[in-house]
Amino acid sequence: DTAVSQTPKYLVTQMGNDKSIKCEQNLGHDTMYWYKQDSKKFLKIMFSYNNKELIINETVPNRFSPKSPDKAHLNLHINSLELGDSAVYFCASSPRQGTDTQYFGPGTRLTVL
Amino acid sequence: AQSVTQLDSQVPVFEEAPVELRCNYSSSVSVYLFWYVQYPNQGLQLLLKYLSGSTLVKGINGFEAEFNKSQTSFHLRKPSVHISDTAEYFCAVSDQGFQKLVFGTGTRLLVSP
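First to last, the protein sequences are chains A and B. With positions in the first sequence counted from 1, the corresponding number in this note's numbering is that position plus 16. With positions in the second sequence counted from 1, the corresponding number in this note's numbering is that position plus 19.
Only chain B is shown next, with the shape it has when bound in the complex (with noise of 0.2 Å):
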């Protein structure tokens, strides 16, 4: 069975500050590693995915994401922050036949002026 951890429920940053959002996961064959991105009352929109290739992802918005199998992860980061950057970001994995996605319990970025 695949499983995400998001060890951080809220991350608190200033604006123009670096940010990263950690996702570690937990699966027993190739996975595709998905971050989502939830702003307030609306529904999730991709931020970025990797499938296979190269580690370092980018995504929308100034993110960027890298894949790491050695540690099992999958980190979040954008260089500097924006107020409208504040969200709820979901990691979330899925089997290779993406039958299903199979999401962490999110991190919330909170940023402040």
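Chain A on its own, in the form it takes in the complex (with noise of 0.2 Å):
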């Protein structure tokens, strides 16, 4: 059973497009993440969610929307998208916030034409 999942695992789009990222978590955490890796692997936390409520939005254009429908969801929704977007996208969780291990997915791969 996979404790942190993504949808799609890869995405190909065409620029000015509106794609969708989905993440969902069995593990019962309160805490949510999602993170960027460029194309020299450079790891970047772009939200965090606690509880459903937005705690960290570290300066990502407003294309991009996070949503939390429930605590056991984070969704990341990219409007027009560009081609520096292309990246791939982890999720995470964490049982709580305060907690020091975050679980990760297995990404998913954004490629924008």
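Hints are computed from structural coordinates only; laboratory data are not their basis. Here the structure is a predicted model, which means the values were calculated and not measured. Quick reminder that beta carbons are idealized off the backbone N, C-alpha and C, glycines included. There are no misleading hints in this set.
Computed, partial: chain A to chain B, Cβ under 8 Å:
1) LYS56
2) PHE58
3) ILE61
4) ILE72
In silico DMTMM-like pairs for lysine to aspartate or glutamate, Cα to Cα no more than 20 Å straight-line:
5) A:LYS57 to B:ASP104
6) B:LYS77 to A:ASP116
7) A:LYS57 to A:ASP101
8) A:LYS57 to B:ASP27
9) A:LYS60 to B:ASP114
10) A:LYS60 to B:ASP27
11) B:LYS68 to A:ASP116
12) A:LYS87 to A:ASP116
13) A:LYS56 to B:ASP27
These two chains come separately, so use the hints to put the complex back together.
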């Protein structure tokens, strides 16, 4: 059973389109995160949510809008996709805000043409 | 602000040889340090972490790391590597509140026969 799952695994789309990536965790965790890994493997946090509330927004363009319908899900919607959005997006979760270990999903590779 | 430096982007090593992956951090407050591993086409998995106590930390798969406050380092070591250890290794630092992880740029460990 996958603890943190993401769909889709691969996403190829044209510039200007709007797309969503879904994340679900079945660990009963309160806190979820989105990270972006660029082509040089640099990994940086984008957002974190705790019990459906936004905690961290790391100066991400407002074309990116996370949505947490419940604490087991954190989806990422991206408007007007740009070439520079091409990356691998990782979802992660931790038991509650302020706990040390984060559990990562398998990633979604987004390619913008 | 916290930061992590992984000076080696790639470390080639022969199977059964020892390896050390270097990590240096910068922080003005107490830190918590982590090593994560990313196998090809997978998400990140926690190898080990330093929160407090003994400066020598043992993790999974035979890895260990030593926290050195005076040198602001947290180098990862394994006495004898296997082909299956080929992966990307990320050092990360978190503040006391564990609000987010700040990652280094990663070190690719390449183990050859």
